[in-house]
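J.: Below, each chain spelled out in residue letters.
Protein chains: 2
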Amino acid sequence: MSISASPITAMPPSDRSRVRRAAERAHYDQATVHAIVDAAWVCHVAFNDGDHVVCIPTASWRVGDTLYVHGSNGSRMMKRLAEGAPACVTITHVDGLVMARSAFSHSMNYRSVVVHGRFSAVPEDAKAAVLDALMDHMAPGRREHARAPDESELKATTVLGIPLLEAAAKIRNWGPRDKDEDLALPVWAGVLPLREQRLPPVDEPGFDGPVPAYVSRWTD
Amino acid sequence: MSISASPITAMPPSDRSRVRRAAERAHYDQATVHAIVDAAWVCHVAFNDGDHVVCIPTASWRVGDTLYVHGSNGSRMMKRLAEGAPACVTITHVDGLVMARSAFSHSMNYRSVVVHGRFSAVPEDAKAAVLDALMDHMAPGRREHARAPDESELKATTVLGIPLLEAAAKIRNWGPRDKDEDLALPVWAGVLPLREQRLPPVDEPGFDGPVPAYVSRWTD
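Residue numbers (our numbering), protein chains in the order written: chain A, 39 to 258; chain B, 39 to 258.
These aren't lab readings, by the way, just hints derived from the structure by calculation.
Wrong hints could be hidden among the right ones.
Just so you know, same-sequence chains aren't split out, so a pair can sit in one copy or run between any two.
Here are the computed lysine-lysine pairs in the DSBU-like style, where the Cα-Cα straight-line distance is at most 35 Å [claimed, not checked]: (1) LYS193 <-> LYS165; (2) LYS193 <-> LYS117; (3) LYS165 <-> LYS117.
Since the model is a prediction, treat every value here as computed from it, not as a measurement.
The whole structure should be built from the sequences, with the hints applied where relevant.
T.: Quick look at the structure:
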């Protein structure tokens, strides 16, 4: 997956979306934000529930400029977010451990996005299409195979979207940056890279049809 | 990495740490919480900064019953958390996509921990030992090689700990659970597994000593 660093559509940072720490890692262009969102299976949603702050991981996907989450109508997160509670949505991919000559200069390589805003509920008649996009995100083609949601399943599901407009990406993807006086120290320095790996599919018994491409090619 | 499901030390859930959705996935024993924390490089910290909620990813590690984070004294997150702002810390590992016969029953396999509480600052004279533990978490043995923090580096760093006591783990690690009436549908069902992969180290030039074991064995 490549992260474009060139602004396609710039989104000027708001006061709260502006990156303050390590600002040289900040990106505010849509293409960068979208690529990080699209590479994620889950986001972390922070909001206030009564008098305490909560941070919950949940599946996320994108259509256009909107990040979506979903859940049971009965979920307290779905209820609070649907009411318009202010939210912060964060996605993080850790790409490596950065080993510098000094302990102080150790770091990590990562790609992250922080979104501020409020969710709003997807109307009943648009839910099916937005949930189809979740299926496309998990496995392109899957929606042609799996049984589509029936009316009661759609009714039981809350789907919420938040605009990816007040958003900032942060990327670190370089080697250690030691202080000048540490560069000659006889210490191994470099990056220990990490990435997400796909392991061979685990089949449920009872299916003898042709294996779909998103299964047979999962580890390609 | 194995996740023990057998309670070693049970932590009775508080009202806010009790898992409400999919409660059969909940675990409140220390061994399970610790294993999920120890498998993570970063956590997501949610807190309120003035009148808005914020969720920030940051490196995390554990010593005993405490999860630690660190940052520059100037960071607004460090300042707010050191003041005792209520916080929620969440760690999530995505282990697979769960493909059911019906779109509605699709799910993900994952291990997560949600911690409620407040951080407190590690005193000046204990910082070095807690930061050594971060080094041990990133690469056992590294602290013998890297230049240790000097006094000014230690002074510039805030180290904060939060007790892993008001904490709940949630684990889903099984195949699809379709409704009975969907089981006979001619649809491939199963799990598309995911895990973190370690890729070969990337060396910085200029070091010709022996390569440490945490580098040479990184991908083992």
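J.: Each hint needs a verdict: does it hold in this structure or not?
T.: Against the structure, the hints come out as follows:
no.: 1; hint: LYS193 <-> LYS165; verdict: within (9 Å within a copy, 53 Å between copies)
no.: 2; hint: LYS193 <-> LYS117; verdict: within (14 Å within a copy, 44 Å between copies)
no.: 3; hint: LYS165 <-> LYS117; verdict: within (16 Å within a copy, 41 Å between copies)
No hint from the list above goes unmet by this structure.
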